[in-house]
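2 protein chains.
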Amino acid sequence: MSRKNIITISRQYGSGGRLIGRKLAEELNIPFYDNELITLAAKQSGYSEEVFKSVDEKATNSLLYSLAVYGNLTGSIAPMPLNDQLFIIQSNIIRELAQQGSCVIVGRCADYVLDEEPDCINVFVYADMPHRAARAVAEYGLDAAKAENIIQKTDKKRSTYYTYYSNKRWGQAENYHLCVDSGPIGIEGAMGVISAYVRART
Amino acid sequence: MSRKNIITISRQYGSGGRLIGRKLAEELNIPFYDNELITLAAKQSGYSEEVFKSVDEKATNSLLYSLAVYGNLTGSIAPMPLNDQLFIIQSNIIRELAQQGSCVIVGRCADYVLDEEPDCINVFVYADMPHRAARAVAEYGLDAAKAENIIQKTDKKRSTYYTYYSNKRWGQAENYHLCVDSGPIGIEGAMGVISAYVRART
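Keeping their order, the protein sequence lines are chains A and B.
Be aware that the first sequence starts at 81, since it is given in the working numbering, and climbs by one per residue.
Be aware that the second sequence starts at 81, since it is given in the working numbering, and climbs by one per residue.
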């Protein structure tokens, strides 16, 4: 049986991790999943996509608390908070996608959700603040004076989201197979490094 | 002016980081520094190599405390603790070596010591416990029953040493340009990934 490559990418805002993932998926000719996950989850649950987008990658209270209070998705009396419902639905979808074959998945704690999947390569992409700020201004049109603040707030949310669901520390090397500073080497350089890991693994 | 490649390697015990560094230096045909540093430092200071080996990569109290109490190496009344003397002498040697040209340096907080050197590529090599334990037994002849305990204690010391001198967290991705889990890809695989980063940087 040939090996799959399930590449999960966690990324600091402005590090180019999402673009690196998309281009890598193109290069390897495998599916790429990011916001598509929300769409799939929304369709499956019956909630509107807009409602889910408003709580996506936000964490409140604790998932354990939610499970204790609300039970599971189908057996509960009171409805579970939307963000926890979304996480559970997305986690199920991520596991189904990983079953189907090789792919690249960005964000959504996919490394944690798939921690029992032997074919995962979990990647963390980051960069120093000047590189991220420059990228956020050039690519996302952020106001240069506010870029640093927005980056810090976004990453704070991502870190909280990751720790809330995984109980692990975002950006701690041991949670990933590979961590790449994209700052000095750019998008193509980081793709080359991740490709080298994928080749070595295959 | 052509770019140097100063590759610093921090590594978990049993991850193969030292061997990866040595083989990478061979491949790139550049000098490799590890225990040689102690020898150089010992010769320069006049202390015996044995005395220095006994305190190497051990941290006590605080370097700032030492500097406050004992002053610098030459102007002090009471002698500074040996481990801090060794760190300062080694740091000076590391900076001199980096000035001379491309090289690979393992351990000794070299990434922190050289934080103002623009040609550094700082690498952290790690692996999960089963891979490290198997390697420690096979390569260093550790008793299988004790391997895990020795690995944990050694890494605890390395972590304390790193934080003591750098005030940063050992194994936090952002402190390095590249973090590689050598477990699933082995020595050659990790060399390939680091080489890809070096190529992208050059």
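One or more hints might be untrue.
Lysine-lysine pairs mimicking DSS-like chemistry, simulated, CA-CA at most 30 angstroms apart [unchecked claim]:
hint : chain 1 : residue 1 : chain 2 : residue 2
1    : A       : K248      : B       : K236
2    : B       : K133      : B       : K237
3    : B       : K133      : A       : K236
4    : B       : K233      : A       : K248
5    : A       : K236      : B       : K236
6    : A       : K237      : A       : K133
7    : A       : K248      : B       : K237
Hints are computed from structural coordinates only; laboratory data are not their basis.
Find the hints from earlier in the document that the structure breaks and name them by number, from lowest to highest. 3
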